[in-house]
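Novice: So you can see what is in the structure, the chains are spelled out below.
2 protein chains.
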Amino acid sequence: MRRQVVLFGDSITEQSFRQGGWGAALANAYSRKADVVLRGYGGYNTKWALFLLHHIFPPDSARPPIATTIFFGANDAALSGRTSERQHVPIEDYKQNLRKIVLHLKECSPTMQIVLITPPPVCEEGRHAYAKYSKSFFVTANVYKNNLALSHYVDWIDQTALYCRVMYLSLYGENAMKFPERTNEVTGQYASACVETAKEIGVFSVDLWSKMQETDGWQKKFLSDGLHLTPDGNAIVYQEVIKIFNEAGLSADNMPLDFPHHSEIDAKNPEGAFQQKCF
Amino acid sequence: MRRQVVLFGDSITEQSFRQGGWGAALANAYSRKADVVLRGYGGYNTKWALFLLHHIFPPDSARPPIATTIFFGANDAALSGRTSERQHVPIEDYKQNLRKIVLHLKECSPTMQIVLITPPPVCEEGRHAYAKYSKSFFVTANVYKNNLALSHYVDWIDQTALYCRVMYLSLYGENAMKFPERTNEVTGQYASACVETAKEIGVFSVDLWSKMQETDGWQKKFLSDGLHLTPDGNAIVYQEVIKIFNEAGLSADNMPLDFPHHSEIDAKNPEGAFQQKCF
Chain A
14 MRRQVVLFGD SITEQSFRQG GWGAALANAY SRKADVVLRG YGGYNTKWAL
64 FLLHHIFPPD SARPPIATTI FFGANDAALS GRTSERQHVP IEDYKQNLRK
114 IVLHLKECSP TMQIVLITPP PVCEEGRHAY AKYSKSFFVT ANVYKNNLAL
164 SHYVDWIDQT ALYCRVMYLS LYGENAMKFP ERTNEVTGQY ASACVETAKE
214 IGVFSVDLWS KMQETDGWQK KFLSDGLHLT PDGNAIVYQE VIKIFNEAGL
264 SADNMPLDFP HHSEIDAKNP EGAFQQKCF
Chain W
14 MRRQVVLFGD SITEQSFRQG GWGAALANAY SRKADVVLRG YGGYNTKWAL
64 FLLHHIFPPD SARPPIATTI FFGANDAALS GRTSERQHVP IEDYKQNLRK
114 IVLHLKECSP TMQIVLITPP PVCEEGRHAY AKYSKSFFVT ANVYKNNLAL
164 SHYVDWIDQT ALYCRVMYLS LYGENAMKFP ERTNEVTGQY ASACVETAKE
214 IGVFSVDLWS KMQETDGWQK KFLSDGLHLT PDGNAIVYQE VIKIFNEAGL
264 SADNMPLDFP HHSEIDAKNP EGAFQQKCF
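So the sequences go chain by chain: A and W. Each residue of the first sequence is one higher than the last, beginning at 14 in the numbering used here. Each residue of the second sequence is one higher than the last, beginning at 14 in the numbering used here.
Be careful, since some hints might not be right.
Simulated pairs of lysine-lysine, DSS-like, Cα-Cα distance not exceeding 30 Å [stated by the list, open to error]:
1. W:Lys-113 <-> W:Lys-212
2. A:Lys-281 <-> W:Lys-145
3. A:Lys-46 <-> W:Lys-46
4. W:Lys-113 <-> A:Lys-281
5. A:Lys-46 <-> A:Lys-224
6. W:Lys-108 <-> W:Lys-224
7. A:Lys-113 <-> W:Lys-281
8. A:Lys-281 <-> A:Lys-191
9. W:Lys-108 <-> A:Lys-281
10. W:Lys-46 <-> A:Lys-113
11. A:Lys-119 <-> A:Lys-224
12. W:Lys-46 <-> A:Lys-119
13. A:Lys-145 <-> A:Lys-224
14. A:Lys-256 <-> A:Lys-113
15. W:Lys-119 <-> A:Lys-46
16. W:Lys-113 <-> A:Lys-46
17. A:Lys-113 <-> A:Lys-224
18. W:Lys-281 <-> A:Lys-191
19. W:Lys-234 <-> A:Lys-234
20. A:Lys-145 <-> W:Lys-108
21. A:Lys-108 <-> W:Lys-281
Partial selection, computed: residues in chain A whose CB lies under 8 Å from chain W [claimed, not checked]:
22. Gly-34
23. Ala-37
24. Val-50
25. Phe-64
26. Leu-66
27. Ile-278
28. Pro-283
Computed footprint of chain A on chain W, listed as stretches where at least three residues anywhere in the stretch have a Cβ under 8 Å from a Cβ of chain A [as the list claims (entries may be wrong)]:
29. 35-42
30. 52-64
No lab work stands behind these hints, which were simulated from the structure alone. Just so we're clear, the structure is a prediction, and the values are computed from it rather than from any experiment. We put the beta carbon where it would ideally sit given N, CA and C, even for glycine.
Chain A on its own, in the form it takes in the complex (with noise of 0.2 Å):
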């Protein structure tokens, strides 16, 4: 059985297999040696993520994850009293979830490599643009949905972000647009708290809420709504993620392919590789 490599996180991991996804790059780069495995759940903080876990991650598996990302803030660091409250968690709640959850993986298994990632940086006026966006959009369908069936309307977009603006929208209806539901001054405190958590148990960390900021235009370049990725910001998640992996002894080039690479084989005795090769 193939060693895994999960992902477990919010949106920003359940979007990773979308045209350009940090997740698909690494299954790309994992191909033929560990199966990487999206365990995303749009909309989750640390608090709900907890009722997963030992679902996802079961105690007593024979073969537990070899690495596992975890990948939760952005809805964490949702502003009490606006219109996310739900999905807010106090600062130091969210510390305490981030531990539970590595020491639940450690539990698993002494040996995983784990990553805490940072919730990526919020553009404020890219959020407004989006609530503004949705509000037209929601107004829209509204207008076309008793015509006809909305499967066939939305055919070309992508149904489940329709799907997520009109829940937006009937959950917060015109206040959406008037306060932000997130700032970048209060998200970053989440990202320095999920760096420090992260030095204090001893395990990985990517900063990428830094990271991002170091390159001018971050705003339009990494962020689609101010809140969730581009390509290019998919692209600075793989890099930094696949960098650790690196560090961390689990560099793709260096493990062995699962069965021989064509080249290998011979024509006429194609048993011979074979026998000598099975992973």
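With the hints as your guide, set chain W onto chain A.
Specialist: Below, chain W without anything else, positioned relative to chain A:
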């Protein structure tokens, strides 16, 4: 444990998690519902695939895949007496090998949905241009490789692609350019054989060879080097496979989420949602 969809095939499967890849698109569509597992083996034909069958699909598995795509033929159809001769498999053997693969999978699980995919069409001109490019690339790489680490020099290109090109040229040298190693006509015969076999044994098939040629300019629109797929070519495979999965009762839209959607979680009583819905 999450159900699995396995993608079993040659390089066109192995590369299916690259930018715009059909495998990644499937993984995204089945996110939170099934794991899409990559089992692609560049350069392999159906004869060599048989050696992997019992390793990848152990007959005694308690949780066999719910669906498998079988995507071989591009290498089987390599011409006898040309540079890729070692990959050639006679057409009757190709059919017989496909049958063996399907019968093995049916033994693993009689309810598994199986989709045979034909090789894509071949653009001989594209293959020739690729061989020429490979030659000039090989010469350049040789000049540089004594001066600096190859891995630094090729930072800007896909190292796997380089490896294949170097292998290709070192194996076949000058001859690679003289005669086509594959023709569209012969590959079309393998495609027909694949579709026939699927009908005979009662499994689904995608006639990719015919489907792609319905579009004007398929040679460059769908093929990057006369054989492998562009993002547009990948999109065709994705659309055709998802259409069959939908017909076969495996529509992602109709499969339940593994855990509650975040909007179903009551922030004051999150336990409630998780008690009700944990698959």
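Novice: Take the hints in turn and mark each one as holding or not.
Specialist: Hints, one by one, checked against the model:
no. : hint                    : verdict
1   : W:Lys-113 <-> W:Lys-212 : 15 Å, holds
2   : A:Lys-281 <-> W:Lys-145 : 29 Å, holds
3   : A:Lys-46 <-> W:Lys-46   : 23 Å, holds
4   : W:Lys-113 <-> A:Lys-281 : 20 Å, holds
5   : A:Lys-46 <-> A:Lys-224  : 29 Å, holds
6   : W:Lys-108 <-> W:Lys-224 : 21 Å, holds
7   : A:Lys-113 <-> W:Lys-281 : 20 Å, holds
8   : A:Lys-281 <-> A:Lys-191 : 72 Å, violated
9   : W:Lys-108 <-> A:Lys-281 : 20 Å, holds
10  : W:Lys-46 <-> A:Lys-113  : 26 Å, holds
11  : A:Lys-119 <-> A:Lys-224 : 27 Å, holds
12  : W:Lys-46 <-> A:Lys-119  : 26 Å, holds
13  : A:Lys-145 <-> A:Lys-224 : 28 Å, holds
14  : A:Lys-256 <-> A:Lys-113 : 25 Å, holds
15  : W:Lys-119 <-> A:Lys-46  : 26 Å, holds
16  : W:Lys-113 <-> A:Lys-46  : 26 Å, holds
17  : A:Lys-113 <-> A:Lys-224 : 26 Å, holds
18  : W:Lys-281 <-> A:Lys-191 : 25 Å, holds
19  : W:Lys-234 <-> A:Lys-234 : 28 Å, holds
20  : A:Lys-145 <-> W:Lys-108 : 56 Å, violated
21  : A:Lys-108 <-> W:Lys-281 : 20 Å, holds
22  : Gly-34                  : 7 Å, holds
23  : Ala-37                  : 4 Å, holds
24  : Val-50                  : 6 Å, holds
25  : Phe-64                  : 4 Å, holds
26  : Leu-66                  : 11 Å, violated
27  : Ile-278                 : 6 Å, holds
28  : Pro-283                 : 6 Å, holds
29  : 35-42                   : holds (count 5)
30  : 52-64                   : holds (count 8)
In summary, the numbered hints that this structure violates are 8, 20, 26.
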